[in-house]
Amino acid sequence: MKREKKPVINRALPGNESLLRQLWNDPMGRAGMIGVGLVILLAVFAPWIARFEVGKMNSKARFAAPNATFWFGTDNFGRDIFSRIVYGARVSIIVGVVAVSIAAGFGYLFGLIAGFFEGKAESVIMMVMDIIFAFPHILLALFIVAVLGKSIVNTMIAIGIVNIPVFTRTVRASVKTVKSTDYIANARSIGLKKMAILFRHVTPNILAPFTVQATLALSGAILTEASMSFLGLGIQPPDPSWGSMLSDARKYMEQAPWMAIFPAVFIIVTILSFNILGDALRDVLDPKLKL
Amino acid sequence: MSEQKRDILLDVRHLQVYFPIKSGLFKKVVGHVHAVEDVSFTVARREVFALVGESGCGKSTTGSAILRLIEPTGGEVYFDGENLSALNEEQLRLKRRDMQFIFQNPYASLNPRMNVWQLLSEPLKVHFTLSPEELKNRVEEMLARIGMTPDQLWRYPHQFSGGQKQRISIARALITHPSFVVADEPVSALDVSIQAQILNLMMELQQEMELSLVFISHDLNVVRHISNRVGVMYLGSLMETGNTEEVYRHPAHPYTQALLSAVPSHDPANKSKHIVLEGDVPNPASPPTGCPFHTRCAYCTEECRQAKPQLREIAPDHYAACHHMIKGD
Amino acid sequence: MNNLLEIRNLRITTLRGKSKVLLLDKVDLDIPHKCSFGIVGESGCGKSITANAIMNMLPYPLSISDGDIRYDSRNGEVELLKLDKKAIRAIRGQEISMIFQEPMTSLDPIFTVEMQMYEALAFHHPAMTRQEMRDRALEMLHRVNIPRPEQTLASYPHQLSGGQLQRIMIAIALINDPRLLLADEPTTALDVTIQAQILRLMNDLKEQNDTSIVMITHDLGVIAETCEEVAVFYAGQIVEQANVMELFHHTAHPYTLGLLQAVTSLGGESRMLYTIPGIVPPGGQWSQGCRFADRCARCTERCREAMPALTEISPGHKCRCFLNSEEVEA
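So the protein lines, in turn, are chains A, B and C. Counting in my numbering, the first sequence runs from 1 upward without gaps. Counting in my numbering, the second sequence runs from 292 upward without gaps. Counting in my numbering, the third sequence runs from 621 upward without gaps.
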């Protein structure tokens, strides 16, 4: 019989519908998924979507307004803005994903230790986190890059470190809530080992806030990268980045407003999509809202 | 039944649980909540011992402290002759196979992200090494015992009603065939018509599996029905204990008398004559000196304010902690 | 109007997804003057939403889809469901007030008892001076037997016990001399000894005032102790209604009988308790026949096909069961 196969243990949530289907059925979730999906498609298929080589300059076509050849116009070096935006998506997504992975990994570990074992470890961890938290995000990231040196890898590390405290706090708070529930007391009364409680009972129940936090942090990380690049300490030329494109556009605002408009629109839409997706995820992942 | 003839499984001696009250920036301990104060009782094999009392009297804390789900701050608990207080964490964990806990609120005590199969197989996996075949048989056997069908195995807690959830928690507690179970208000979160179903199931299982049960409840009717022996708690202390029928028929302690009289009658022609207690239960962070009940007791004398009465036998298997009852008789 | 409150043909629906689900189905109820009226039933039977409908306080997505509620106010008869927001606010607290199950969460934690009592007074009596309000508040606290009323006035809710808070809730509910008090499980969250205090208090207050009390509860013991007239709700309908003596001693409906047996078999001879099998069918899963049919030991083919009507089987005793009357619900 079909029913008798081994049950799927690591399913993310109860219920019969998959997470993606539930998200798709929610209008906001669908909007977020489409937005995020498009940006990811741009990033993955950048070489096929881009119409010109990304660094290719064309002195004859400087400051060209959007037209049939250059859909989004060209910049001060005559580079195709559309192609640069497509490759910029790649940079944004890579930086975002790597930085958030760093932040989420360390944040999860620290949060779990602080929330589950409490005591001295918690005091120390939270003290360090508070100190990191006390700095303005962008300032701290700039400082780290200034120390480590300007490069795409260091940008990712910097953004990652800056985001560790948010994850630590989210995980710690969720672990504490879950830890005080009856089902954790129940697991103890059954005679489960600490580690089993931690990984089989606590972790699946903090996955929801964790996933939501990760989605929201992605938008934050992309925005931080854009800001850093805008200030010249993020992604270095000639690599295209939405932030540095905006920065370059500053000088030519009146002459070539499209240089600023298109990167800005893409930053806004991307951030918005991730945020909407994060909110929709929060609703879908809450088991209490389902019946 | 006299004390000598009873086959004692659980022996609680002078159990004490204090919770620190922390205050200020440096979490300094400024006082203690006296949740359980010098509680002693025994539970024999195949016996249902009920702990009854009002909210905040320490009955639930006592139940958790017996199994060391909350660490007691004093006293000892002997389980089958073994001192549980002396066990280390790993020894205690293995011991949990024989002593389990049923929680009050089935809505909260089942992990929402585990299905019935996971919930029921987990205790077996922890304590036994079983082949997949044996595991499946034991789970399905237990499932049938609580009146559920194998097609419900893959469902999650939120897909069940309150009564079914409590059946699942009972199954989870009993699947390792423990000899002793603490049930903390197992039916008080349920509707009246469902309560009776769950109580019947628990009584059947208790008989079949020859369980010793500590049944914690505030519902005096339920306690009278389900238990052989009872302990009445007030403000962390045991006020009266003994054979259930004896205590209900001849309550000796003024508190027990008031408690029993407060139960609404189910006959409008014959309304209960309440002994209405004035005032409220004192704060357990600063319990009164002497008898814990003296602030609300109609028979209170100077002696009650000074000295705390001890439990004394006033009839065969009937003990009460009151200065006056002991003198009166 | 002969009665204080008359509910006719009340239907309440909720939204589940995009479809409307019936929660309360054609309920008729008369609450006489100076009466303590009990509404008893299990969770989800519609007893609390009936009270909320009277106050016009149904939370979204619940709504009243049909019916009317007439109330005999001091200023003449009013249709509660047709009043505008301002008029219903004048009724609430002044004419009809309500107490809830959880005294702990029904008072605002950031205000003193004094402030919350004055607020209730000031809304209906804007001309009252502070001293008058204080006198009135103290008088009410005396009436609900609060020890040390002056000290209690200055306290915050967290400084008081559950029993004291429920007394204060009652004091606030009665501060404007309402003529109808809706008590939604007022003692469920309290201990038995405190419950006995509160029930005695409510009985006394009813004797002293012209107030009718609607006691909503799942506990037949509370009904037996406090009520004169009782309606039993099941799955959004009234299944039996009678004088309390009649209901307990000449029980007609199998559901009422089951509820009574479930509690009285506690302490009975048999070790096994009487049970009603199954669960209350939730709204949206009601059959066309008798809604209790699936759980009833005396269910016949007819019960599954047609719904019995609520008919008078003896003077003042109504029951919805084919065992007592052949009448079918229209």
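Please keep in mind that the hints were generated in silico from the structure rather than gathered at the bench. Predicted model, so just to flag it, every value in this text is computed and none were measured. Among the hints, erroneous ones may be present.
[Said to hold, decoys possible] The calculated DSBU-like cross-link candidates involving lysine-lysine, where the alpha carbons are at most 35 Å apart (straight line), are: (1) B:Lys562 with A:Lys179; (2) A:Lys120 with A:Lys56; (3) B:Lys564 with A:Lys176; (4) A:Lys176 with B:Lys562; (5) B:Lys416 with A:Lys179; (6) B:Lys599 with A:Lys193; (7) C:Lys638 with C:Lys706; (8) A:Lys176 with A:Lys150; (9) A:Lys176 with B:Lys319; (10) B:Lys427 with A:Lys194; (11) A:Lys120 with A:Lys194; (12) A:Lys193 with A:Lys176; (13) C:Lys654 with C:Lys826; (14) B:Lys386 with B:Lys313; (15) C:Lys826 with B:Lys562; (16) B:Lys599 with A:Lys179; (17) B:Lys318 with B:Lys599.
Notebook entry, point to check: Does Lys318 (chain B) pair with Lys599 (chain B) here, judged by a C-alpha cut-off of 35 Å?
Noted result: Answer holds: Lys318 (chain B) to Lys599 (chain B) is near 32 Å, not above 35 Å.
Note to self: Check the hint pairing Lys176 (chain A) with Lys562 (chain B) against an upper bound of 35 Å on the C-alpha distance.
What the structure shows: Between Lys176 (chain A) and Lys562 (chain B) the Cα gap is close to 48 Å, so the pair fails against 35 Å, i.e. violated.
Next item on the list: Take the C-alpha atoms of Lys599 (chain B) and Lys193 (chain A), compute the straight-line distance between them, and say whether it is at most 35 Å.
Entry: With Cα atoms ~42 Å apart, Lys599 (chain B) and Lys193 (chain A) exceed 35 Å; violated.
Item checked: Straight-line alpha-carbon gap Lys386 (chain B) to Lys313 (chain B), limit 35 Å -> Holds, at roughly 33 Å.
Check: Are the Cα atoms of Lys654 (chain C) and Lys826 (chain C) separated by 35 Å or less?
Finding: Holds. Lys654 (chain C) to Lys826 (chain C) sits at ~7 Å (cutoff 35 Å).
Checklist line | 35 Å Cα cutoff - pair Lys562 (chain B), Lys179 (chain A) | finding: violated, 46 Å
Margin query: Would the hint linking Lys193 (chain A) and Lys176 (chain A) be met if the CA-CA limit is 35 Å?
Written below: Holds, at about 18 Å.
Notebook entry, point to check: Are the Cα positions of Lys120 (chain A) and Lys194 (chain A) separated by 35 Å at most?
Noted result: holds, 18 Å
Checklist line | Pair hint Lys638 (chain C) and Lys706 (chain C), alpha-carbon separation not exceeding 35 Å | finding: Distance of about 31 Å is within 35 Å: holds.
Check: Is the straight-line distance between the alpha-carbon of Lys120 (chain A) and that of Lys56 (chain A) 35 Å or less?
Finding: violated, 57 Å
Check: Given the hint that Lys599 (chain B) pairs with Lys179 (chain A), does the C-alpha gap stay at or below 35 Å?
Finding: Answer violated: Lys599 (chain B) to Lys179 (chain A) is near 38 Å, above 35 Å.
Checklist line | Pairwise hint evaluation, Lys319 (chain B) against Lys176 (chain A), where the allowed Cα distance is 35 Å at most | finding: holds, 21 Å
Checked against the numbered hints given earlier, this structure breaks hints 1, 2, 3, 4, 6, 8 and 16; the rest are met.
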